[in-house]
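Visitor: If you want the building blocks of each chain, they are given just below.
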Amino acid sequence: MTTIQTKSKADQTDPVAHLSAAQVEELGRELDAIRQSVLDTRGERDAAYIRKVIKAQRGLELGSRAVLLASIFPPAWFVGTTGLAVAKIIENMEIGHNVMHGQWDWMRDPKIHSTTWEWDNASPAEQWKHSHNELHHTYTNVIGKDNDLGYGIMRVDEEQRWHPMYLAQPLWNFINACFFEYGIAAYDLELGKNLSSKKRRRSPQFKAAAKVTLKKIRNQMTKDYVVHPLVSGPSALTTLSANFTANLIRNLWTHSVIMCGHFPEGVETFEKKSIDGETRGEWYLRQMLGSANISGSKAMHFMTGNLSHQVEHHLFPDLPSNRYAEIAPQVQDLFRRYGLNYHSAPLPVQVASAWHKVIRLSLPNGASKAPLATVTALTTKQGRRELRRRPAA
Amino acid sequence: MSSAALPHRGARLRDRLTRVAEAATTPLLPADYLDMFAPLRSGADLRGRIEEIHPETADAATIVIRPGADWAGHVPGQYLRIGIDVDGVRLWRAYSLTHGPRADGRISVTVKAVPDGKVSNHLVHQARPGTLVHLEQAAGEFVLPPEGGKFLFVTAGSGITPVIGMLRNLFPATDEGVVRLPRSEAFDVTVLHVAPSAPDSIFATNLRELAEAGVIDLVARYDDEHGVLDLADLESLVPDVGARATYACGPAGLLDALAVHHDERGLALFVEQFRTGTRVVAEGGTLTCSKSGIDSIEADGATPLLDVAEEAGVLMPSGCRMGVCFGCVLPLREGSVRDLRNGEITSAEPGDNVIVQTCINAAAGPVDLVV
Numbered sequence: 001m002t003t004i005q006t007k008s009k010a011d012q013t014d015p016v017a018h019l020s021a022a023q024v025e026e027l028g029r030e031l032d033a034i035r036q037s038v039l040d041t042r043g044e045r046d047a048a049y050i051r052k053v054i055k056a057q058r059g060l061e062l063g064s065r066a067v068l069l070a071s072i073f074p075p076a077w078f079v080g081t082t083g084l085a086v087a088k089i090i091e092n093m094e095i096g097h098n099v100m101h102g103q104w105d106w107m108r109d110p111k112i113h114s115t116t117w118e119w120d121n122a123s124p125a126e127q128w129k130h131s132h133n134e135l136h137h138t139y140t141n142v143i144g145k146d147n148d149l150g151y152g153i154m155r156v157d158e159e160q161r162w163h164p165m166y167l168a169q170p171l172w173n174f175i176n177a178c179f180f181e182y183g184i185a186a187y188d189l190e191l192g193k194n195l196s197s198k199k200r201r202r203s204p205q206f207k208a209a210a211k212v213t214l215k216k217i218r219n220q221m222t223k224d225y226v227v228h229p230l231v232s233g234p235s236a237l238t239t240l241s242a243n244f245t246a247n248l249i250r251n252l253w254t255h256s257v258i259m260c261g262h263f264p265e266g267v268e269t270f271e272k273k274s275i276d277g278e279t280r281g282e283w284y285l286r287q288m289l290g291s292a293n294i295s296g297s298k299a300m301h302f303m304t305g306n307l308s309h310q311v312e313h314h315l316f317p318d319l320p321s322n323r324y325a326e327i328a329p330q331v332q333d334l335f336r337r338y339g340l341n342y343h344s345a346p347l348p349v350q351v352a353s354a355w356h357k358v359i360r361l362s363l364p365n366g367a368s369k370a371p372l373a374t375v376t377a378l379t380t381k382q383g384r385r386e387l388r389r390r391p392a393a
Numbered sequence: 394m395s396s397a398a399l400p401h402r403g404a405r406l407r408d409r410l411t412r413v414a415e416a417a418t419t420p421l422l423p424a425d426y427l428d429m430f431a432p433l434r435s436g437a438d439l440r441g442r443i444e445e446i447h448p449e450t451a452d453a454a455t456i457v458i459r460p461g462a463d464w465a466g467h468v469p470g471q472y473l474r475i476g477i478d479v480d481g482v483r484l485w486r487a488y489s490l491t492h493g494p495r496a497d498g499r500i501s502v503t504v505k506a507v508p509d510g511k512v513s514n515h516l517v518h519q520a521r522p523g524t525l526v527h528l529e530q531a532a533g534e535f536v537l538p539p540e541g542g543k544f545l546f547v548t549a550g551s552g553i554t555p556v557i558g559m560l561r562n563l564f565p566a567t568d569e570g571v572v573r574l575p576r577s578e579a580f581d582v583t584v585l586h587v588a589p590s591a592p593d594s595i596f597a598t599n600l601r602e603l604a605e606a607g608v609i610d611l612v613a614r615y616d617d618e619h620g621v622l623d624l625a626d627l628e629s630l631v632p633d634v635g636a637r638a639t640y641a642c643g644p645a646g647l648l649d650a651l652a653v654h655h656d657e658r659g660l661a662l663f664v665e666q667f668r669t670g671t672r673v674v675a676e677g678g679t680l681t682c683s684k685s686g687i688d689s690i691e692a693d694g695a696t697p698l699l700d701v702a703e704e705a706g707v708l709m710p711s712g713c714r715m716g717v718c719f720g721c722v723l724p725l726r727e728g729s730v731r732d733l734r735n736g737e738i739t740s741a742e743p744g745d746n747v748i749v750q751t752c753i754n755a756a757a758g759p760v761d762l763v764v
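Protein chains in written order, with our numbering: chain A, 1 to 393; chain B, 394 to 764.
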């Protein structure tokens, strides 16, 4: 559990009450300077890094699939499945997610570019870029604007009205974790909203998008569940189960990592009206308050696609991911100097914290004893803009 | 079944195998995996590998490249565009091919490092054999008619490079000296070469060798020795200029003056001009979106191109409008833009394949967007 929640339990302290408008803008300038320091040194070393990762990932995937040709033998199944799961995780996280963010567009390599990359996932890149890069990264943690808050199927904030349906949300969350890539595809299609009325169902825009998604899913399934098993001959069934298992592992892992980014207890959420006329400094501040990091080894950061540096990623979504670890100490120092809470904890702690919230909020407010406060407005008070929190209803 | 159906069946089988391979590698293509092992194979994007780098002078070098299997060859005088990663960024430049088609199938370009020239300095001073580069097929109309004739080449500085390509093809040099080929007998060539000073002139040795062998007439003019060339003297330097077709390659000033000179006298002139590499960067400029029918509308230096275009009624892709989401990116066909967040300038020439975020970039001179 994070410090900020303990504090808010006691006295509902506003985490930014001590900052003046001028300080918030100064914070923004300091963050701009950190960003610029990376841009100034971005070059050959970074390009070599992403090329090496892509090459290694493709080699690992090719090798794993080759081993799975003999998946009828259990050691081959085990090695191939592990390799394929790792390859898919790297492809989705350190490569796909980051390339689609435009982190590598500066290289002007049309093959490693946000406009051309397609990832090994059910959701088409085009739709993912819209819902993730545009909506989630711009409106991070703004209730009603950022659908990543509960993906439209869960209640993850006290401000969301409780409904008996939410009693089952721990189960939804688990099922969503197992089939996360399809969850993302449905989410990127805004399936819940678009299936809700005949008019929306029949809109040409939705129909076109759904067609693209179905084609992508068909291609993905044909690859993993038809072509590669058939090529495996006598190992067909075991290759099929290996591919299914690799996808399952990838889904569970990516879901866990992504839950850690914004769901852990103590991460702030914001009301729609709080971002009216938001300045650059305030935008940065919202990203700082609304994200949580995962601490761990280099390998751990790599396997999360450096989303373990969620705070740094949300501040600078277009900086190359290999640089987040380098700037993390500077960002952390900034949090300390401005008296803000840098959320960071090992993976099991953050996953447990996020699950705790999902379970707690499956019940109505008050049923559990720790209602969280929500930041409600950026208002001018005593001549300065501040983030004001309101106790949950 | 007729025998004519057999190749057809072969093609169908190949198509089917291709489809299976594509289904096995989606969302990537089989080529993405093949590129890991055989980037120069037939069917791949056209690439080349630098095999040798020969220094020519202190600031010029000849780069010998093994082109990919799909290289279609070239005619002397043509140029090619090379894309090379300089400090991680793919940059494209055009260089004259300095050899005629070579027996070993390789191609070569001679590059002079110009001040502030990112690519030329990289190629001359930093590039190493083994580097993979990206290529386009040879292009350019600056080529000689195969039937021969009387020619005057006017070259200045590195403008000598396409001409050297033509001359080497006509008069190959071997250890035994310059070879006279029967096919070259119909070519009567005079070269007027202009350079700041004698040793600074790349390929000067080649030219002298050709002149000493008597296959060309060389008129060398060095600024420090003869003074800056005045075209009024052309008739005295090359008395039969009126009987020759002129091929000129060099800086814009010289080419413009030659155009005026030849125009007045009704003489044939073929020119090749490489861009100087300096693009004037301004505060604000104009915006052209030719696909949307927008031509050179005013774009000030403080308004994002996205806003300027939308204001003019262009249907623009957009997203966060704060530089975060990359939902608004468009190819910059030509021009310079300034990042409003940190003042960084991004420039593009046609074919550079530069993609810019329109929501945080403003015009820094005339801008041409592909939309």
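Among these hints, one or two may not hold up.
[Stated by the list, open to error] Taking lysine-lysine pairs in the DSBU-like style, the calculated list, with each CA pair at most 30 Å apart, reads:
#1 B:Lys511 to A:Lys111
#2 A:Lys111 to A:Lys199
#3 B:Lys511 to A:Lys55
None of these hints come from the bench; they were simulated from the model.
Visitor: For the pair we were handed, lysine 111 (chain A) and lysine 199 (chain A), check the Cα-Cα distance against 30 Å.
Guide: Violated, because 39 Å separates the two Cα atoms, which is more than 30 Å.
Visitor: Hey, lysine 511 (chain B) versus lysine 111 (chain A), does the alpha-carbon distance stay inside 30 Å?
Guide: 22 Å, holds
Visitor: Lysine 511 (chain B) and lysine 55 (chain A) were given as a pair; does the straight-line alpha-carbon distance stay at or below 30 Å?
Guide: 27 Å, holds
Of the hints listed earlier, the one the structure fails to meet is number 2.
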